[in-house]
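Asker: Chain by chain, the residues:
Protein chains: 2
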Amino acid sequence: MAEIFRMRLILTAAVIVLGAATAPSMVEGRIRHYKWEVRYEFKSPDCFKKLAITINGATPGPTIVADQGDTVVVELKNSLLTENVAIHWHGIRQIGTPWMDGTEGVTQCPILPGQTFVYKFVVDRPGTYLYHAHYGMQREAGLYGSIRVSLPEGQSEPFAYDYDRSIILTDWYHKSTYEQAAGLSSIPFVWVGEPQSILIQGKGRFDCTTPGIESGRCNATNPECVPYALTVVPGKTYRLRVGSLTALAALSLEIEGHNMTVVESDGHYVEPFVVKNLFIYSGETYSVLITANQNPSRNYWLSAKVVSRNSTTPNGLAVFNYYPNHPRRSPPTAPPAGPRWDDVAARESQSAAVKSHRGYIHTPPQKSDRVITMLNTQNRQHGRVRWSVNNVTYNLPHTPYLIAYKHNLTGAFDQTPPPEGYDEASYDIYSVAKNVNATASDGAYRLKFNTTVDIILQNANTMNVNNSESHPWHLHGHDFWVLAHGAGKFNWSRDAGKFNLVDPIMKNTVVVHPFGWTALRFRADNPGVWAFHCHIESHFYMGMGVVFEEGVERLGNLPKSIMGCVAH
Amino acid sequence: MAEIFRMRLILTAAVIVLGAATAPSMVEGRIRHYKWEVRYEFKSPDCFKKLAITINGATPGPTIVADQGDTVVVELKNSLLTENVAIHWHGIRQIGTPWMDGTEGVTQCPILPGQTFVYKFVVDRPGTYLYHAHYGMQREAGLYGSIRVSLPEGQSEPFAYDYDRSIILTDWYHKSTYEQAAGLSSIPFVWVGEPQSILIQGKGRFDCTTPGIESGRCNATNPECVPYALTVVPGKTYRLRVGSLTALAALSLEIEGHNMTVVESDGHYVEPFVVKNLFIYSGETYSVLITANQNPSRNYWLSAKVVSRNSTTPNGLAVFNYYPNHPRRSPPTAPPAGPRWDDVAARESQSAAVKSHRGYIHTPPQKSDRVITMLNTQNRQHGRVRWSVNNVTYNLPHTPYLIAYKHNLTGAFDQTPPPEGYDEASYDIYSVAKNVNATASDGAYRLKFNTTVDIILQNANTMNVNNSESHPWHLHGHDFWVLAHGAGKFNWSRDAGKFNLVDPIMKNTVVVHPFGWTALRFRADNPGVWAFHCHIESHFYMGMGVVFEEGVERLGNLPKSIMGCVAH
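In the order they appear, the protein sequences are chains A and B.
Counting in my numbering, the first sequence runs from 307 upward without gaps.
Counting in my numbering, the second sequence runs from 307 upward without gaps.
Since the hints were derived computationally from the structure, they do not count as laboratory data.
Watch out, some of these pointers could steer you wrong.
[Claimed, not checked] Residues from chain B shown here face chain A by an in silico Cβ test under 10 Å; the list is partial:
| no. | residue |
| --- | --- |
| 1 | Glu389 |
| 2 | Gln421 |
| 3 | Met443 |
| 4 | Gln444 |
| 5 | His704 |
Glycine is no exception: its CB is placed at the ideal position from the N, C-alpha and C atoms.
Put together the whole structure using the sequences plus the hints.
Answerer: Structure representation (structure tokens):
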């Protein structure tokens, strides 16, 4: 094993040298070309064998590595048997290419089995991004990966590090996404429960001695489920890019005995602050700096713990491996306990700490043209459990909005826009709603082009007493300013004064805390149709999302490749 | 329970009366309209809970009941989450409507989630037919049902009976079709093994105490897995229509203590013959007459046993229930043992016995214009296990042939036709091939319109020594004459003299026995493109099929509804 490890180090070194050698030939606007084939394969990421959707045989898929200004071309071949697919480039705004956002039902028709679809878009900002399936619940079947966009040669970031590493955190269910989806749509509701494992860069560890599992499914000695090891050289500083694509879990990431300095989130530089543990929600990315400044004779735990839910899922564990210790050598200590799952204040505190780096402030517009308040509730509709915005639960149509708007297919979805708010005066966010029934809609919000829009995400009680969940909301096609987070019910006259209009961070995903509110602002300046939804896979499936249209009339002809499902 | 049963009898009587009352208003060419929604639901047909593809919540789906000359209209809504669908009307020749055959990749593009496709076709002959998914391996996920076409009022059949009943036999796996398909495509090959249950009209019984199964999956008291009961009134004669849509198994059907008189197969009247057990292969239908002439104070077993494979699957059991005994009362005797699985002679004997009813002979053309010999072998291709015809393994393309031929899309598939035969002189059908490697193709046989074509299906050894399997071959768009079955290697000069050119049965599905051959003849007189394939789901998936084109130039414009997947 030590032999193999040494070989790996040498290979890594070779790649670095090669990278340096080719660097001078890189010019802005370079094409980064990828050929991907999507198919099912049996995988045992946590020792339990199940089908995963893979890219070129792997999950997570290949990391897209590019420089700012490059064009990424992904030739995606769907080799699934009967299932379509679509891939979203999470955090890439797709300016000028709204049809490449990869959101089935919003920006494109799905890609059929046997078809090859070519995604082509510019990565216009440096930073840490993600990609993942945006169709059905395929993301949590394993179809995801990282996008790392570097600054062009000669430009530097406002922080220093020796090495750059990426990990993605996910949670992992043993039941197929079909079973999960069928349960979510059942009457009575069948909830899949807490995930079986937390995966760190696609590696986890499920206890194969768990009673009741099917025989032959779990093999603790499978090399596929050797814990992920992040190897560090003593004394060096690492930029660790962390993305979360959990289906459900909010996580706290901790590296035993090491502080982390938060320096980037969702592609924007953060005014550095130090944490012992990093809270991260599905759809978010962070860069943290870690210096390998502890006793180098041992390894340390890298641990990801579920927070915000009283989860039965064991902490995900990886090895923070000080070279030259063996990467599989367990740390001599117990893994860190992590924060209490229900310590909302600690999470709110981190949310408040994330501000724009002082040298990179994008000052927000000082006022908005429109305010849409979005009450987040759990509901029933036709007897099924759903999630709603202002008591309207969202159904994704099958004619993509982008095509419907451009081609005036007014029958494709409800032309009535969803409500702009809720009954703030009388609604009690701390109680189960008196009437939990929601109506369903696939109507969209139409935003006047180049206007400034405020969204107030207002959390509330679920259908269980004294319960409110964390919802990470992700906006396609834009970054927004995070103006403020607050506890309780938002009140414009009282709370608008708390908006940070000086140095708010820009993000594409932000959490609304239990029983709290989050205010964000964005400019409707990217012609297209853009989803805005809770990034918890099952919540979006159950209707927790909306769609914004802006400036579609400014777009030229749509590519025919996105229109396969539209009658012609 | 007896109450419920009595109510059921009364209801049945009511339906019969209603049928009689409405009969006079039935005229030829009546429209039979069905609205179906396809979706996944949890089902426990053999007490083990798994996802099944259902129609309007049921598997098997609704029975299509029509009279000869009626037009069947099925509005099919695909409510699967990410999967497409297509349904084949098995045994319906689709004369003049080749685009309604429901064969994905051959006659239509698949139906996308959210879309509704309208199948519309005439049922031009009375008889017993089937329908089932023809996309991926969805058929064995539960998407199937019966089609019963009656003679118009006033016409009668050449046999008499009191009541008409239908059952479909299937085999049932607990692993999902995704897992099965992924295993079949894996290197090394992962074979799902023998089915867990045989289902009779969607009901079976798996032993929930079987070790190693996931806890919570199996519930022996689930009412869904109460055995199917065929209730009969003592002294009455029943027409039992039996169809097989097994994924794998060849079956022997037996009703304890009762003989069966075979009177129809695949929509053609059979010169009656009596059997103790009926051998039936996937894709076949038979009508048998059974008189309830045994001791009426007890019930009897209706048993379906796997033959042709040394299977571990327990016999499927239903109750042949003499009224007024309780339909759940077990027969006092042990279920019949059934024939030996490896008694090929008994199966060959039945094959030889099936001839056209003497009053309904369609005399075949006395000679053919073309002979295509099809060697059936198991092979490898690029390291994967495959099945082949003349050492060419078939890949289904994604642009349907019908569209490709009509619109001259010559790049859609290989324009070179597959071989007309194999090296008969040197090939040893009793040994594993010296070179098991196959080539792959999606080329089609083009048949001159209105010519007569002979197919010689030649079985051979698989990749295991001393092993040859039964393959039921199904032809779309036609019935063929079954000219002869034989053992060993077919030799034209010796065996053509054995062809029955007097009273051969016409069928759409026929078996080729282990190490044997089957000769069939058909007229290429139905403009369209038609699949001809082994009806074992995994064998077709692994390449055991071909496609015939005939007279496509005679067709008018294709409906746009079938063309969704073709670039435009």
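Asker: Would you mind marking each hint as holding or not holding in the structure?
Answerer: Do the hints match the structure? See the list:
1. Glu389: holds, 5 Å
2. Gln421: For Gln421(B), the interface hint holds, since the closest Cβ of chain A sits about 7 Å away, which is under 10 Å.
3. Met443: OK, holds: Met443(B) within 10 Å of chain A, min 7 Å.
4. Gln444: holds, 6 Å
5. His704: holds, 3 Å
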